[in-house]
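Participant: Be aware that the sequence shown starts at 16, since it is given in our numbering, and climbs by one per residue.
Hints listed in this document are in silico derivations from the structure and should not be mistaken for laboratory results. Note that the coordinates shown come from a computational prediction; the quantities given were computed from them, not determined experimentally. All C-beta atoms in this analysis are idealised placements derived from N, C-alpha and C, irrespective of residue type, glycine included. There's no promise every hint is true.
To be verified - List time: in silico SDA-like cross-link candidates among lysine to any residue, alpha-carbon distance up to 20 Å: (1) Lys-267 to Thr-288; (2) Lys-171 to Lys-65; (3) Lys-282 to Leu-220; (4) Lys-186 to Leu-125; (5) Lys-267 to Ala-212; (6) Lys-171 to Thr-288; (7) Lys-297 to Val-193; (8) Lys-282 to Arg-218; (9) Lys-282 to Glu-252; (10) Lys-282 to Gly-238; (11) Lys-120 to Ser-89; (12) Lys-65 to Gly-144.
Stated by the list, open to error - Derived DEER-like restraints, expressed as beta-carbon distance ranges: (13) Thr-115 to Glu-252: 46 to 54 Å; (14) Thr-153 to Lys-66: 28 to 36 Å; (15) Gln-179 to Gly-64: 47 to 55 Å; (16) Ser-189 to Arg-27: 34 to 42 Å; (17) Leu-17 to Lys-320: 25 to 33 Å; (18) Gln-185 to Gln-322: 39 to 47 Å; (19) Glu-252 to Pro-90: 25 to 33 Å; (20) Gln-179 to Gln-119: 48 to 56 Å; (21) Ser-201 to Ala-147: 31 to 39 Å; (22) Arg-228 to Val-193: 44 to 52 Å; (23) Pro-279 to Ser-201: 20 to 28 Å; (24) Gly-227 to Thr-115: 21 to 29 Å.
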Amino acid sequence: MLQLRISNRPERLAELKESWSDLVLASESASPFQTWEWQSSWWNHFGSGKKLHLVELTEGGDLVGLLPLVQSFSPWRTLRMLGTGPSDILRPIIRPGSETACCQKLAEYLQDEAKRRLIDLHQIPASDGLLAGLPSMTQAARLLLDLPSSYDEYLKGLSKSLRQDVLKGQKNASLKLVAVNEGNLSQALDAFFELHAARWRSRGLPGAFVGGRVKRFHQQWLGLATPLGMNRMQLLELDGQIIGVIYVMGLKNRSYFYQAGMNPEHKSLSPGTVLISGAIQKSIEEGHVLFDFLRGDEPYKRRWKPQRVEENKRILLAERSPIALAGKKWNLMGSQIETKVRDRLEGGSLKSAPKSSANP
16 MLQLRISNRP ERLAELKESW SDLVLASESA SPFQTWEWQS SWWNHFGSGK KLHLVELTEG
76 GDLVGLLPLV QSFSPWRTLR MLGTGPSDIL RPIIRPGSET ACCQKLAEYL QDEAKRRLID
136 LHQIPASDGL LAGLPSMTQA ARLLLDLPSS YDEYLKGLSK SLRQDVLKGQ KNASLKLVAV
196 NEGNLSQALD AFFELHAARW RSRGLPGAFV GGRVKRFHQQ WLGLATPLGM NRMQLLELDG
256 QIIGVIYVMG LKNRSYFYQA GMNPEHKSLS PGTVLISGAI QKSIEEGHVL FDFLRGDEPY
316 KRRWKPQRVE ENKRILLAER SPIALAGKKW NLMGSQIETK VRDRLEGGSL KSAPKSSANP
């Protein structure tokens, strides 16, 4: 029989590491944002003032489902997903074969909790079974590129102008793509933070990686992810100088394009085109079947011929508590403003709309 229990102890994160990771590897839908490494790093850097709220689903003593949540207390009690803010995909982690039962159990639990506090769950893919039993609203769109078996086949499907730009970059002997590993990770991150900020400074905006806490979070996550093969970042060097960095994650046979940073002074070399084409080529050559462009339907992503669009949804529940109902109304207003801002920002050449980097 499926059992549900709540764990609030911070120590439970470490205790669950092995079974959590096994669940992620078994799951058919988990992304790097659901890994223990990402979520425990988030807790370490954004968990202050919050209470851990792990919803564990077990059957016969085995963990078959997990919904990692946190509770915040100001200005109203709210349950959110662990990882809210910098995560582009958030969803329950469920063992194959248990999806229907687990999602039904979780939906019932969340509906009951909504009688006492605000439930605010972000970035849930529209295909997730949790949404079947709960009301939701569209929050973002993700463009998905199903990868062919060869890079040459992929290039043939691009527009003539983009294909020429890609080949021009590949033929430029002064440009070199370098994979990030444990040896050059620190250098790569320093370059990424600086180049990302430089690009946004040129627009009079701060970008998505502002503040020491945000940077320390990514440093910890990537320090854990790199030895496990989940860091697929690449540097773009011009005669040995780093002029661009692409931040890509990987899990099993899927790649996830998170962000990029480039030196605006070298715009004529089309560093964004070189970085993205290199990331896609690397993914194809290593047998990946999907390249997920993550949040944001920017026009530059469309140039790379993604075949599918998946919406991310947001669940916002409050039933009886007057304070929670006020929180729901406030968050709905904030969501409308955020949508307008994102619609205005999207349309730039590379990751034009910065994602939130901290917990809301």
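Participant: Hint by hint, note whether the structure agrees.
Facilitator: A quick look at each hint next to the structure:
With a CA separation close to 25 Å, the supplied pair Lys-267 and Thr-288 exceeds the 20 Å bound. Distance check on the hinted pair: Lys-171 and Lys-65 sit about 50 Å apart at the alpha-carbon level, beyond 20 Å; violated. At most 20 Å may separate the alpha-carbon atoms for a hinted pair to count; Lys-282 and Leu-220 meet this at roughly 18 Å. A C-alpha spacing of about 55 Å is found between Lys-186 and Leu-125, which places the hinted pair above 20 Å, so the restraint is violated.
Between Lys-267 and Ala-212, the direct Cα distance comes to roughly 31 Å. Violation of the 20 Å bound is thereby established for this hinted pair. A threshold of 20 Å between alpha carbons decides the hint, and for Lys-171 with Thr-288 the separation of about 16 Å falls inside it, so the pair holds. For the hint linking Lys-297 to Val-193, the alpha-carbon distance of about 11 Å falls within 20 Å, and the restraint holds. A C-alpha spacing of about 14 Å is found between Lys-282 and Arg-218, which places the hinted pair at or below 20 Å, so the restraint holds.
Restraint check for Lys-282 and Glu-252: satisfied, since their Cα atoms lie roughly 14 Å apart, inside the 20 Å limit. With a CA separation close to 30 Å, the supplied pair Lys-282 and Gly-238 exceeds the 20 Å bound. Restraint check for Lys-120 and Ser-89: not satisfied, since their Cα atoms lie roughly 28 Å apart, outside the 20 Å limit. Between Lys-65 and Gly-144 the CA atoms are separated by roughly 27 Å; this puts the pair beyond 20 Å, and the hint is violated.
Distance hint check for Thr-115 and Glu-252: the Cβ-Cβ separation is about 49 Å, which falls inside the suggested range of 46 to 54 Å. Restraint check, Thr-153 to Lys-66: a C-beta distance of roughly 29 Å satisfies the suggested window 28 to 36 Å. Evaluation of the 47 to 55 Å hint for Gln-179 and Gly-64 yields a pass: the beta carbon distance comes to about 52 Å. Here the CB-CB span from Ser-189 to Arg-27 is close to 52 Å, at odds with the stated 34 to 42 Å.
Checking the proposed 25 to 33 Å range against Leu-17 and Lys-320 shows it is violated: the Cβ atoms sit about 42 Å from each other. For the pair Gln-185 and Gln-322, the beta carbons lie near 24 Å from each other, so the given range of 39 to 47 Å is not met. Between Glu-252 and Pro-90 the beta carbons are some 48 Å apart, a value that contradicts the proposed interval 25 to 33 Å. Between Gln-179 and Gln-119 the C-beta distance comes to about 52 Å, which sits within the given range of 48 to 56 Å.
For the pair Ser-201 and Ala-147, the beta carbons lie near 44 Å from each other, so the given range of 31 to 39 Å is not met. With their beta carbons about 28 Å apart, Arg-228 and Val-193 fall outside the hinted range of 44 to 52 Å. Range check, Pro-279 to Ser-201: Cβ separation about 24 Å, and the 20 to 28 Å hint holds. In this structure the supplied range 21 to 29 Å is violated for Gly-227 paired with Thr-115, their Cβ-Cβ distance being about 43 Å.
Consistency note: the structure conflicts with the earlier hints numbered 1, 2, 4, 5, 10, 11, 12, 16, 17, 18, 19, 21, 22 and 24.
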